[in-house]
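Assemble the whole structure, with the sequences as input and the hints as a guide.
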Amino acid sequence: MRSTPSISRRRFVSLAAAASCGVLAGCAGSDSEQTETTGTTTGTPGPEETADSTRTTTADGSSALLGAIEREAVPFELTDDSENLDAVAETLAETPIVGIGENSHGVREFKAIPGQLVRRLVGDHGYRLLAIEGTLGDFASVNAYVTRGEGDLETAMSSLQFYFWQSDRIEQLFEWLRGFNEGRSESDKVVVRGYDAQHFDRNAAAIRSYLERVDPDYLGTIDDALKPLTKPLYQGSHGDLLTDARASLVEDLRKRLQARKRAYVEQTSESEWQLVERHVETLETGLQFQAALADQNYLRGKEVRDEMMAENVAWLRDWTGSERAVVMGNSNHTMRGYSNPDQQGARMGQYLTERFGDDYYSLGMLFGTGSFTAPKNHDRTKFGTYELGGPVEGTLAATLADASSPRLFLDVASARERSAIASWLDGTSKIQFSVPRAAQKGAVPLPAAPGTVYDGVVFVREVSPASFALAE
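Letter by letter, the sequence shown follows residues 1 to 472 of the numbering used here.
Treat the hints with caution; some may be incorrect.
Cβ pair distances, simulated, as ranges [stated by the list, open to error]:
(1) PRO341 to GLU462: 26 to 34 Å
(2) ALA64 to SER187: 33 to 41 Å
(3) SER209 to ALA245: 17 to 25 Å
(4) THR381 to PRO445: 23 to 31 Å
(5) GLU462 to GLY357: 30 to 38 Å
(6) GLY183 to ASP295: 50 to 58 Å
(7) GLN267 to GLU417: 56 to 64 Å
(8) PRO445 to GLN343: 15 to 23 Å
DSSO-like cross-link-like pairs, simulated, lysine-lysine; straight-line CA separation at most 27 Å [said to hold, decoys possible]:
(9) LYS376 to LYS441
(10) LYS441 to LYS382
(11) LYS255 to LYS231
(12) LYS231 to LYS376
(13) LYS382 to LYS231
(14) LYS255 to LYS227
(15) LYS441 to LYS430
(16) LYS227 to LYS261
Calculated from the structure, these hints are not laboratory results.
Only a predicted model underlies this, so the values are computations on that prediction, with no experimental measurement involved.
Note that the Cβ used here is the ideal one computed from N, Cα and C, for glycine as well.
Printed below as a string of structure tokens:
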């Protein structure tokens, strides 16, 4: 079981980040520098003697670090009966909200690991909300299958807007959840929902479908403005995304929902009314996000999107009554921190940490080398396999690749109690990712201090490409 640190993770993040800045700015001497000034009493060493001393110190330091990692890490097998994965899930379950972030969308193991962990968190530890990176409403058909057995899972998954969830391992997870829910009361079922705000069309479609049932006359008065928003951005020009007319539409929808709440709830339910109200908020955010991208204000776009992601995760917990939740997505959303050193472009994980403190655990899935799958065309219906190369020098993966286990878990708070690991974490300032739009580059570094953005990591030394047959 993970030991309890003397200060909270949220407080530790700010302290560690400040310390890391000092190390990275050259405010602290290295072990080799100390060796050169104190390692001899017989005068100034010659160049060859100094080089040998430095190499010995470096080798000794690396050996000590790997030894500490070996003692602290939890190796695991990717099997249903893996006792060590049971132990990993037990550590994660000390926190009610667990973010699981993948550093590559195209890795098979990064679909299998969450599947194994979610099974354990649901079955053994009472987690009842699986929130996945995807527009609010995008997983409605998947949820209908998982909770009620409605429809066909393959059809539901093929309609998802993000191809990277259309994999066989994620399909197996959903089938397992369906079996788990069978025969359970509604309050004890696991629900699957999207939390993203990137695309506005799914939200507009959900609003329109609701009004068709409860207030068709009102829909007739606004449909000329609402219906065009049900088309994906790539299916036609939407002109200026944030016009006065659209701002007026959103505000009118808010007022109508409030004014007619009692009548709407009588025709549907309180829960459905709350959901459509949330769709209105997310619709507005989707328009703001896409408008920022159109203006090439990418930092603003990330701020708008990730803040709403966090708000939707919080809202989903309240709406579903599920205190214990798993949040799956790209690590660049689930981990803490910011997009630049000026603390701009906060990630979803940062917002969740600020809101929930130690109740949020950021788990990153790291790769060493191997290959991954990425789209070959703009429509993301054809895929290719690309080499990752790597591991990128100066990342955690570059060190973890030398560990004896090909797959391992490391809890940051517990590992920091070993000084060698603490120094290693504080001195590492980048994390390797793969980027679908630059797949030919393989593994690329992202400036971020892993010891502050993650609470734990799982590492796979050599990964394999995921299959997205449902997207093809």
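### Task
Check each numbered hint from earlier against the structure, then list the numbers of those it violates in ascending order.
2
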